[in-house]
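We have chain S already, so just place chains X and H on it with the hints.
So the protein lines, in turn, are chains S, X and H. Okay, so the first sequence: first residue is 6 according to the numbering used here, each after it adds one. Okay, so the second sequence: first residue is 247 according to the numbering used here, each after it adds one. Okay, so the third sequence: first residue is -8 according to the numbering used here, each after it adds one.
By construction, these hints were calculated from the structure, which means they are not laboratory data. Keep in mind that the hints are not guaranteed to be accurate.
What the hints assert, rightly or not - In silico BS3-like links for lysine-lysine, alpha-carbon gap of 27 angstroms or less:
| hint | chain 1 | residue 1 | chain 2 | residue 2 |
| --- | --- | --- | --- | --- |
| 1 | S | K161 | X | K297 |
| 2 | H | K366 | S | K106 |
| 3 | H | K17 | H | K123 |
| 4 | S | K245 | H | K366 |
| 5 | S | K83 | S | K330 |
Claimed, not checked - Cβ-Cβ distance ranges computed for the label pairs, FRET-style:
| hint | chain 1 | residue 1 | chain 2 | residue 2 | range |
| --- | --- | --- | --- | --- | --- |
| 6 | S | E294 | X | K275 | 51 to 61 angstroms |
| 7 | H | K110 | S | E407 | 49 to 59 angstroms |
| 8 | S | L405 | X | E332 | 43 to 53 angstroms |
| 9 | X | K299 | H | Q15 | 49 to 59 angstroms |
| 10 | S | K249 | H | D266 | 41 to 51 angstroms |
| 11 | X | A333 | S | E387 | 56 to 66 angstroms |
| 12 | S | L93 | H | T306 | 46 to 56 angstroms |
| 13 | S | L93 | H | K110 | 33 to 43 angstroms |
| 14 | S | N413 | X | R290 | 49 to 59 angstroms |
Since the model is a prediction, treat every value here as computed from it, not as a measurement. Think of the CB as a built atom: it goes at the ideal place given N, C-alpha and C, for glycine as much as any other residue.
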Amino acid sequence: MKTNYDLVVIGGGSAGLAAAISAYDHGIKDILLLEAEAHLGGILLQCIHNGFGLHEFKEQLTGPEYAERFANQLIERKIEYKTDTLVLEIKEDKTVIYSNKEDGLVEVKAQAIILATGCLERTRGAINTPGDRPSGVITAGLAQKYLNIDGYLVGKRVFILGSGDIGLIMARRMTLEGAKVLGVAEIMPYSNGLNRNIVQCLHDFNIPLYLSHTVTNIIGKDKLEKVVIAKVDENFNPIKGTEKEFQVDTLLLSVGLIPLNGLLDKVNVPTHPRTRGALVSQNLETMKEGIFSCGNVLHVHDLVDFVTKEGRKAGYGAATYLKGKMHKKGRRIITRNKSGVSYVVPYYIDVENILDNLVELNFRVTKPFEKTRLIVKLDDKEIKNIFKLHMLPSEMESVLIEKEILMNSNAKEITLEIKEG
Amino acid sequence: MKEFICIVCPRGCKIRVNEQGEMEGYGCKRGITYVQNEMTNPKRMLTSTVKIKSKIVNRLPIITSSEINKDDIFRVMEEINKVKVEAPIYIHDVIIKNVLGLGVDIIATRTIRE
Amino acid sequence: MYDILIIGGGVIGCFIARELAKYQAKIILLEKNNDVCSETSNANSAIIHSGYDPLPNTLKARLNVLSNPLFDQVCKDLDVSFIRNGSLTIALNEEEVETLYELKERAKVNGVEVEILDKEEVLKREPNLSDKVLKALYAPTCAIINPFELTIGLMENAMDNGVELALNSKVVAIAYKDNYFTVTCENNKTYQTKTIINAAGVYADEVAALINDTSFKIKARKGSYFVLDHFDNNFVKHTLFRVPTSKGKGVVITPTTHYNYLIGPSSDFIDAKDDTSTEKEVLDAVKERANSIIEKIPYNQVIRTFSGLRAVSNTDDFIIDYSIVNKQFINVAGIQSPGLAASCGIANMVRDLVLKLHPYEMNPKFNPKRRKMIKLSRMSLEERNNLIKENPTFGRIVCRCEKVSEGEIIDCIRRNAGANSVKGVKKRVRPGFGKCQGTFCQPHVVKILARELNIKEHEVVYDNLGSYLIKYQTKLGEKSED
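With the rest of the complex left out, here is chain S (with noise of 0.2 angstroms):
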């Protein structure tokens, strides 16, 4: 068995397919993928509505042709990949240990990782919704695995928690299969998912959405019975008097995703206080040489093709680390949030090692904006001024700086904030 490889890639999801190919492009053809689901396509695969791929390719794609397309081409370049695989640890000298029914546990020894595990939902537990621990609350993204590819139903008269993308797909996607979904709360005063989705999830159905509104008490004692939500003040505190009752076997909860990257723990790479990903270069390098991140384990994307990109930067950085083409680590610019904007990826830009004319900075909002200008600040000098007409805190933002303004500058940091006004 081959325990020698230059690169291996950690997940076999879009971001993780991506990756492989574009190392395979810049030059890297001794490759390992690891995939733990026994498909490649990963999360991709359970998202049977269309709406992929418009960046990519322009066309809207189905979540599985956008996979399939991916997976063909890792499939056409021969890179070697194994599914029904998990890494249970990687070592910092970069040994990788995997584990599935053919090879038994193997210790792989890699030049270079891209981890690329993906995301995982956040649970009950961790938004500590009160109330009794019946069967039938269940977050979303499992309960569209069951309906999408094994072709169960959790239940029939359902309620959501949380209107982001995921929970308003499956409340069209259980009403289609005969489910009654009789509503969704959101703790925020605006939604979280789309508007195409709000329109053409919920309107078409008539599914109320209670925007400022959460689930206050979980009823039923090994069954669901019943959700209670209430009106939630400006603290999000739940306002006595407000509570509504709706009679369900079913609570989805579409409450947020977070990195799966327990994989980093015993490599000592740190990770970022808010998107939970590691802090990375703009080649997406953790603090740990050779070792990169990508895709919804380095920060939670709203559009896969975003994620594409992503992989193919990763790609690309450690095609040019493996090649010996990467220069010794020198002056970092550090990027940093301000007023408006809750957080920059990647955390630093590592000026010796800019591969392009542009560095692209990715960034959320920390609110719903209109009509403002986000300012990009080399230290204390202004170098970006740009009007948005819109931004929601649910679409990932970017914004390219040019190499030559970077390597020109002695800044120890870069600044994004929002100006209203």
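What follows is chains X and H alone, placed relative to chain S:
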């Protein structure tokens, strides 16, 4: 008075239409066209699954080959629910030809080899 | 006809079953839920207390102190996770320091080894503790245990030695005639037995009332907890108590045997004996108390909150005795904290009560050991690979968070007192205990359960009968409902 959220761009204008058909709240002309379509002839792509005999999955994902009338969604679902296919199925295989005579096919969106 | 019928499959009922399996008696245990270890034993602090705390001359004190040293052997025989980590009872002000010295005196009377440590020593042992700590009472014999493994291991070993188990068997009537009892369950099954042991937890008074024994009352006291993910094995090493108040042990911060952390419990009497809901205000209060000992608790690591009930008798002590109505009916009631820690001694005491009635011969074939659990996490690379070669299901890791293989799940289903639900698998081998709370592994666990139990996937339950996960198949029309 009817209210629409325009989905043409991320801005999401709330467009109101009164009994006389006059609109307000749109940010650009595309919003007017969007609401006119939604009022007279709303169309949707439909995605779902059909039963499949396969070693690896129980359901095959499918999509309509083009948009169908919003009002036809549940009738088409009934047809989709009647079908059972057997692996191998290849991506974009036609699963139902010209469903309900609407001039639209039901198409597989995933390859299931076994 | 059974010699002994035990009502209740919590740690007490299972311990008694396993203890009596050492004798030549025909024994059955009835459990009203779909699995043993489903109520109080399933939701507690998982601590084997040292025994300094209960008031001297109570059963609580005597049996706790007696039991504590016995757990090493029991856990070895049953392959149960058990760590003697020691406890620190923290004093934050002068008044609490005084209480520590009172507790030290009480420990002396109870016969428990303790030591008072000064601030410097306490902080050296637990650097994350609040700087406000003045002193702490150190009890080296305090231990942490996995209560699921213990209860299930006891039942499995009892069954290995011939004890029968009937699940989903809620007792609704008991008649006594011609020197034997007829026990009727809600499912209409009946059992004849010479002796009954009532280990029905918070319902023990209701079960006793079935033979018109109304000599005691049980109230349920609810305790709510936070569970933290295993983020740092050194966050807290000892079991930490805030000096007790009139409300009980106060707040506890403790590692578990799997390096999760438990923070809790609250302590409130409740009316409904099946109310294990959690409330925001109660948990907020737990947080506040916990923060007094450790200021920087990473609540973003919380993966679950839960509540458990304690059976509190009107005497406030354990009730372990023949019923005043019928000597062949033995009450084991009011087993609140330190019930888990005293469980070994409780079983021994019940055994003596039974043998006084019927001097059963020893069972010469009794084997105290259950077959070792197959735990990949404690095997070397070579051992694992040999196992995988022999049985490839040990190579397929189903639970990403806790790294549990398909083979381990199959093994826990096939054992005596084996898992028959998703939660049953979770209690035995941990998939679902991690950060994802089953989001990734549940569909796999459902498939494995269906295959092993020879049922349809949509018939698999989460826990009790009726707790379906995926009740309906799509594309089958309305007929498919049930």
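Consistency of the hints with the structure:
Restraint check for S:K161 and X:K297: the C-alpha separation of about 19 angstroms stays at or below 27 angstroms, so the hint holds. A threshold of 27 angstroms between alpha carbons decides the hint, and for H:K366 with S:K106 the separation of about 17 angstroms falls inside it, so the pair holds. A hinted pair counts as satisfied when its Cα atoms are at most 27 angstroms apart, and H:K17 with H:K123 does not qualify at roughly 57 angstroms. For the given pair, S:K245 sits about 49 angstroms from H:K366 by alpha-carbon distance, which is inconsistent with the 27 angstroms threshold.
Proposed proximity of S:K83 and S:K330 is supported: the alpha carbons are some 25 angstroms apart, at most 27 angstroms. Checked against the hint of 51 to 61 angstroms, the pair S:E294 and X:K275 passes, with Cβ atoms roughly 53 angstroms apart. For H:K110 and S:E407, the Cβ-Cβ distance of about 57 angstroms falls inside the hinted range of 49 to 59 angstroms, so the restraint holds. A beta carbon spacing of about 50 angstroms between S:L405 and X:E332 agrees with the range 43 to 53 angstroms that was offered as a hint.
Distance hint check for X:K299 and H:Q15: the Cβ-Cβ separation is about 55 angstroms, which falls inside the suggested range of 49 to 59 angstroms. A hinted range of 41 to 51 angstroms for the beta carbons of S:K249 and H:D266 is inconsistent with their spacing of about 22 angstroms. At roughly 60 angstroms, the beta carbons of X:A333 and S:E387 sit within the given window of 56 to 66 angstroms. With their beta carbons about 51 angstroms apart, S:L93 and H:T306 fall inside the hinted range of 46 to 56 angstroms.
In this structure the supplied range 33 to 43 angstroms holds for S:L93 paired with H:K110, their Cβ-Cβ distance being about 41 angstroms. Between S:N413 and X:R290 the C-beta distance comes to about 52 angstroms, which sits within the given range of 49 to 59 angstroms.
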